[in-house]
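A.B. asks: Residues per chain, in single letters:
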Amino acid sequence: MARAVSTRRKIAMTTLAWIVGLVIFFPIFWTILTSFKTEAQAINNPPLFWGFDFTLENYAVVQERSDYMRYLWNSVIIAGGSTILGVLVAVPAAWSMAFVPSRRTKDILLWMLSTKMLPAVGVLYPISLIFVEFNLLDTRGGLILVLMLINLPIIVWMLYTYFREIPVDILEAARMDGAGLREEILYVLTPMAIPGIASTVLLNVILAWNEAFWTLNLTAATAAPLTAFIASYSSPEGLFYAKLSAASTMAIAPILILGWFSQKQLVRGLTFGAVK
Amino acid sequence: MSMTTALRASSALALCAFASVASAQDTTITIATVNNGDMIRMQGYTDLFTEETGIGVEWVTLEENVLRQRVTTDITTNGGQFDIMTIGMYETPIWGANGWLVPLDDLSEEYDVDDILPAMRGGLSHDGTLYAAPFYGESSMVMYRTDLMEEAGMEMPKAPTWQFIEEAAAAMNDPENEVYGICLRGKPGWGEGGAFITVTANSFGARWFDEDWNAQFDQPEWKEALSFFVELMNNYGPPGYATNGFNENLSLFQQGKCGMWIDATVAASFVTNPDDSTVADSVGFALAPNAEGVEKRANWLWAWALAIPAGTQQEHAAKQFIEWATSKEYIELVAENEGWANVPPGARNSLYENPKYQEVPFAEMTLESINAADPTDPTVDPVPYVGIQFVAIPEFAGIATEVSQEFAEVYAGQQSVDEALENAQALTNDAMEAAGYR
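So the protein sequences, as listed, match chains A and B. If you're matching positions, the first sequence starts at 1 in the working numbering and goes up one per residue. If you're matching positions, the second sequence starts at 277 in the working numbering and goes up one per residue.
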C-alpha cells in the first residue's frame, strides 16, 4: 500500500518537474527555433512551430556582420577572469567568517549583501569616472575587476554557507594531528569543500557571462563581450527578430554546453547543504 | 583521459586558436551607431572608405536607448571612447549648445552642405551652426491598404483630415477577420507612443508649453486630441494597442491586419518589400492628417546624424568619414549596388531631384512630409521650444516618458482621459519647476 502511494507520488512529482522544466526551457527553445526562420515567418501570427522553411541564412548574416570569435573570446576571459579572481578573494574571507567568526561577522555579511540591493545605474557615474581616471574603459582588465566586485557578495555568501556545513571537529582533529594552517586548508578543508566551490564557480561564470549592464556601459570596440554582440542586433525600428534570435543562440550556446557538461557538479553543489 | 575531458580540452584549444587579431591600421576611428537597415548597410561599405583613406573603422552597434545612455555617459565623463556618435535631432541642439560636439562648419566644398534639406539642417543646428550631418531623415505619413480602400468604395485624398481617417477606419474595420481599421502607437516612452500623441496634439492645435513654460494639458485642445485618439483606437484599433510600438505595428501591417498605419516614412520601404510584407503591392501613401481647420499636421521630423564629440583625438579622420558617409557619392554607391529604393532617404535635396529616385513609390510623399514639418514652428500657438514630436530640452525625455505612461493607462482602460491629463499637468509642472524653468 505504502509502495503504491510512493509510486503515484513519484509519477506526480516527475510530471511536475518535467512541466516546470519545459516551461523554463520554452523561451530558449523558441529563440533557437526562431533563429531558423525567415524574418517574415518569425513574426507570423499564429506562431509557427513547424512547416516553416528551415534556413541558416540568419546565422550566415550574423557571421558576416560581426566578428563572433572576438566577442566570445572577450566573454571567456571576462567571465573566467572575474570568477578566478573572485574565488581567490572570497575563499579566505569565507573561511575566516565560517571558522573564526567575530561579533560583527553577521553584520558584515548582511552589509555585503546590501550592496547588491543598489540598482547598478545608481553608481554608473562614479564607476565611469574611476574608469576614465585609471584608463580602464574598454579594457578586459577593468571589466574583470568590476564583475568580480559585483559578484563578490554572492561568492562569499555561497562559500560561507558551504564552509559552515563542514564540522569544526574535523578541522580540530587535523590540528591535533599536527596540521598547520596551510595543510588544514589544502588537505582537509578544500577536498571537503570542492563541490561547494565548484558550484560557486559555475554559478559565478554564468552570472558574469550574462551580465549586461556594465559590460555594455564600460566597453566600446575592443573589450565588448557577447552581451554587446546580442545588443547590436536589437532594434526598435525594424523587424530583425530572426537575426536577433540567431545572435542570441550563438551567445548562449557556449554557456549552455558548459552547463550540460557540469550538470552533476552543479546539482551536487547546490543541494550540498541539504544532503550533507 | 575520458571522453568529456578530451572534448573540454579540445574546445578550449579551439577557442584559443580562433581568437581573432584586430587589424592594425595607422589611424582607427570608433563609431557608435544604432541598429537599423541603413546603418548596417553602411557598415558593409566601410572597407571602401578604408581603402580610399587608410583610416580603419571600428563599429559599436547598440539598440537606440542603450546607445543614448552609453554615449551620454561617455560624453559627460570625457570617456573618449568614440570618435563619431550617431545621435538624433533631440540630442544634437542640446549637446551642441553645451559645447560637447565639434562644430561642422568647415566641411569641404565638394560636400555641398547647402544640399542638405533645410528642415534637417535647421533641426541639427544650434544658433545657426551645424553640429551633426544627417545620414538619413524621416517624417511620418499615412500608409494605407489600397485594396481595402477600394473595397470600401473610398478614395484617400493626398492630405486627409482626422475626420476622414476615422471614416476610413470605420469602413475598413473587420475585426472578425482580424483586420483593424487603423494601427497606431500606444506604447509608453517619449520616442514611441509619446512622440505619436504629441504630433496628434499638434494637429489639434495643442502644445506642450506656453511661452512661460507652463504645461498646457489643462487646455481643451489636449483633451480633444487625446479623447479623439482613444475613441478612434478603441473602436477601430487592434486589441492591446496600449503596448504597440513601431515594430509591433509594422508586424501587424505586414501581415495585412491594418487598414491604415500612420508612422515613420522609413517604414514605407519595409511594407513595400515583398520579401517581408504580404501586402507589398497594395500600399498607398498620404500626408499625416490634421483636425479640420488646424493648419499643423501630425507629422514629425527626425534624423539620425553623425556627430563628433569634442575632445576626440581623431577629429580630422572623423570629419573625413562623416563627409564620405553623408555625401552624394555614397548615395550613388548604394543605388548602384542595391537599387534606388534602398538608399538612405531624407537628407539631401539632390536625391529628390534625381529622376531615378522619383520613380520610387514613396519618394514624393516622404519629401512632402519632411518639408511640411518645421521644428522651429511646430504648433499653432507660439512655443518657447524647438522640436515637433519632442521638446529640445534635457528634461523632456524623462517628463514625456512619464506622461506617455499616464496616457497608456487610458489606452488600457485603467483611467479616464481627464485623470490622465490632470496627472500629466501636475507632473510636468512639478518637473519644470524643479528644473528651474518656472
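By construction, these hints were calculated from the structure, which means they are not laboratory data. We put the CB at the ideal spot given by N, CA and C, even for glycine. Treat the hints with caution; some may be incorrect.
As the list claims (entries may be wrong) - To spell it out: a stretch of chain A is covered by chain B in this simulated footprint if at least three of its residues, at any positions, have a beta carbon under 8 Å from a beta carbon of chain B; those stretches are:
1) 100 to 108
2) 193 to 206
3) 219 to 232
4) 236 to 248
Unchecked claim - A short, non-exhaustive set of chain A residues, derived as facing chain B with CB atoms under 7 Å:
5) E39
6) L137
7) D138
8) G141
9) L216
A.B. asks: With reference to the structure, classify each hint as holding or not holding.
C.D. replies: Hints, one by one, checked against the model:
With 0 residues having a Cβ less than 8 Å from any Cβ of chain B, the region 100 to 108 of chain A misses the three-residue criterion, and the hint is violated. Counting residues of the region 193 to 206 of chain A whose beta-carbon sits less than 8 Å from any beta-carbon of chain B gives 0, not enough to reach three: the coverage restraint is violated. By the rule of at least three residues with a Cβ nearer than 8 Å to a Cβ of chain B, the coverage given for the region 219 to 232 of chain A holds, with 7 such residues. With 5 residues having a Cβ less than 8 Å from any Cβ of chain B, the region 236 to 248 of chain A passes the three-residue criterion, so the hint holds.
The closest approach between the C-beta of E39(A) and any C-beta of chain B is roughly 6 Å, which is under the 7 Å cut-off, so the hint is satisfied. With 7 Å as the threshold, the beta carbon of L137(A) comes within range of chain B, its nearest partner Cβ sitting at about 5 Å, so the hint holds. Of the supplied interface hints, the one on D138(A) holds, with its beta-carbon coming within about 6 Å of a beta-carbon of chain B, less than 7 Å. Hint status for G141(A) relative to chain B: violated, with the closest Cβ pair at about 16 Å, above 7 Å.
Taking 7 Å as the C-beta cut-off, the interface hint given for L216(A) holds, the closest approach to chain B being about 6 Å.
The structure fails to meet hints 1, 2, 8 from the earlier list, while all remaining hints are met.
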